[in-house]
Amino acid sequence: MAIEIEDIEVLLLTEAVYQRWGYDFRDYAPTSLKRRIRRCDELEKLLSISSLQEKILRDSDCMQRFLDQVSVNVTSMFRDPGLYRAFRATVVPLLKEQPSLRIWHAGCASGEEVYSIAILLHEEDLLGRTRIYATDLDQAVLERAKEGIYGLGLMKGYTENYQAAGGKAAFSEYYHAGHGHVVMRKDLSKNIVWARHNLVTDASFNEFNLILCRNVLIYFNARLQERAHRLFYQSLAEGGVLVLGRQETMRLTPHESHYRTLDGREKIFQRMI
Amino acid sequence: MSLHLVVMGASLGALEALRVLLPGLLEDFSSALIIVLHRDKEESGNLLPLLDTNCVLPIGFPVDKEPILAGRVYIAPPNYHLLIEGDHFAYSMDEPEDNARPSINVLFDSAAETYGANVTGIVLTGMLQDGARGLAAIHRHGGAAVVQTPHDALAPSMPLAALEAVPSAQVLTLVEIGKFLAKMTH
Ligand SMILES: C[S@@+](CC[C@H](N)C(=O)[O-])C[C@H]1O[C@@H](n2cnc3c(N)ncnc32)[C@H](O)[C@@H]1O
Numbered sequence: 183m184a185i186e187i188e189d190i191e192v193l194l195l196t197e198a199v200y201q202r203w204g205y206d207f208r209d210y211a212p213t214s215l216k217r218r219i220r221r222c223d224e225l226e227k228l229l230s231i232s233s234l235q236e237k238i239l240r241d242s243d244c245m246q247r248f249l250d251q252v253s254v255n256v257t258s259m260f261r262d263p264g265l266y267r268a269f270r271a272t273v274v275p276l277l278k279e280q281p282s283l284r285i286w287h288a289g290c291a292s293g294e295e296v297y298s299i300a301i302l303l304h305e306e307d308l309l310g311r312t313r314i315y316a317t318d319l320d321q322a323v324l325e326r327a328k329e330g331i332y333g334l335g336l337m338k339g340y341t342e343n344y345q346a347a348g349g350k351a352a353f354s355e356y357y358h359a360g361h362g363h364v365v366m367r368k369d370l371s372k373n374i375v376w377a378r379h380n381l382v383t384d385a386s387f388n389e390f391n392l393i394l395c396r397n398v399l400i401y402f403n404a405r406l407q408e409r410a411h412r413l414f415y416q417s418l419a420e421g422g423v424l425v426l427g428r429q430e431t432m433r434l435t436p437h438e439s440h441y442r443t444l445d446g447r448e449k450i451f452q453r454m455i
Numbered sequence: 240m241s242l243h244l245v246v247m248g249a250s251l252g253a254l255e256a257l258r259v260l261l262p263g264l265l266e267d268f269s270s271a272l273i274i275v276l277h278r279d280k281e282e283s284g285n286l287l288p289l290l291d292t293n294c295v296l297p298i299g300f301p302v303d304k305e306p307i308l309a310g311r312v313y314i315a316p317p318n319y320h321l322l323i324e325g326d327h328f329a330y331s332m333d334e335p336e337d338n339a340r341p342s343i344n345v346l347f348d349s350a351a352e353t354y355g356a357n358v359t360g361i362v363l364t365g366m367l368q369d370g371a372r373g374l375a376a377i378h379r380h381g382g383a384a385v386v387q388t389p390h391d392a393l394a395p396s397m398p399l400a401a402l403e404a405v406p407s408a409q410v411l412t413l414v415e416i417g418k419f420l421a422k423m424t425h
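Heads up: the sequence lines are chains A and B, in that order.
The first sequence runs 183 to 455 under the numbering used here.
The second sequence runs 240 to 425 under the numbering used here.
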């Protein structure tokens, strides 16, 4: 019984959040959404999802904390080093044929992945002719991304990832170390535009040679995944490349036949028609 | 839900345990077997060839939203939580739980909530205590709880913690668990 009541509460809460604040979580994958809503409840020291709803409707700070919880901003630099190796081998040659490049990084969180790609493009002499549009629905993480300030303690792991990813320099060349934190080199972000964009409610805004959207679609249900895939398809130039997260797939989507697989393990696809 | 799930969690000693269990499963296995094993920081590619060699059932990492089918073995890949969501799998990149991602508790909780009595949870060898809370959830929702005999386990702490959480769980050695699974047929 208790579980059924919670399911109703989740429906009502997501509807309330949408009506009041315009954020649409109604078609997020329900199991992990429920887990994160429960965690939010715990952090707010509330006993039911209904009480959380009452608070969120009236309290914009509570809404921001809710957003932080449900949007899952976990990320890191050069996560899945194999992806970057595959990217160098299969995508870089395609990008080198283009006189100028537009890249859309959707769901970029606090920017670690964007800086990773920028570093790779820099090492391949491509960054100068590239414009990267890095977007997320959460303004708070975009602010952090723009600053490019990360914990010093993370750098050891990131350096290992960078090396495993086929990095060509010393990773420490790309940041300035301060007290307990590092600042990413400014020339890396010269051509990056940070902007809010919601994959659920916003439209296509340009045509791109490359779209990266990793570990965002796993949070969507099948219907919403379809919407996002339509958006990517509409936003990709013919011959353009789409990179998804490790567990994500074109399979089970209506656009599968429009792409060919460049790397099945690393989920790199090229739009053919 | 008419599908029956066996969810299994193991940590230290997992590969050795699976090498004993998986060859015992035959084509007529009528449940879906879903396994979380902790393999920190290891690239997923190293895991599958090890397991594939001695299992006649289709075995692999499910993709996001893949339907769950009986007669198959699914392994949770490293670095994501694997969840059961109705008739399919779902993933999340949420923070590790009890230092583990994938987390046995996360898988077990989600299986218990959707499949209730149609779940068997099995906690095998491992350090620390992942799986104990999830096994209790399975038990609470009417599912069956099985724990590897602690002294039969390479690392007894996960089985011990699971037994503390579910004292009425069936306690079986690895060989007995193999026979237990082999009886789950059409
Ligand atoms: C788990 S992070 C993934 C970050 C990074 N791409 C990676 O793989 O490391 C998911 C990100 O997607 C964003 N997100 C979730 N729903 C979104 C939506 N509807 N539109 C745009 N971004 C979204 C979240 O704010 C979060 O920053």
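One or more of the hints may lead you astray.
Some chain B residues judged to face chain A by a derived CB distance under 8 Å, without partners named [as the list claims (entries may be wrong)]:
| # | residue |
| --- | --- |
| 1 | Asp303 |
| 2 | Lys304 |
| 3 | Leu308 |
| 4 | Ala309 |
| 5 | Pro316 |
| 6 | Tyr319 |
| 7 | Leu322 |
| 8 | Asp326 |
| 9 | Tyr330 |
| 10 | Met332 |
| 11 | Glu334 |
| 12 | Asn338 |
| 13 | Thr424 |
To be clear, the hints were calculated from the coordinates, so they are not data collected in a lab.
Quick reminder that beta carbons are idealized off the backbone N, C-alpha and C, glycines included.
### Message
Tell me the hint numbers this structure goes against, listed in increasing order.
### Response
When the structure is compared with the hints, numbers 3, 4, 8, 12 and 13 turn out to be violated.
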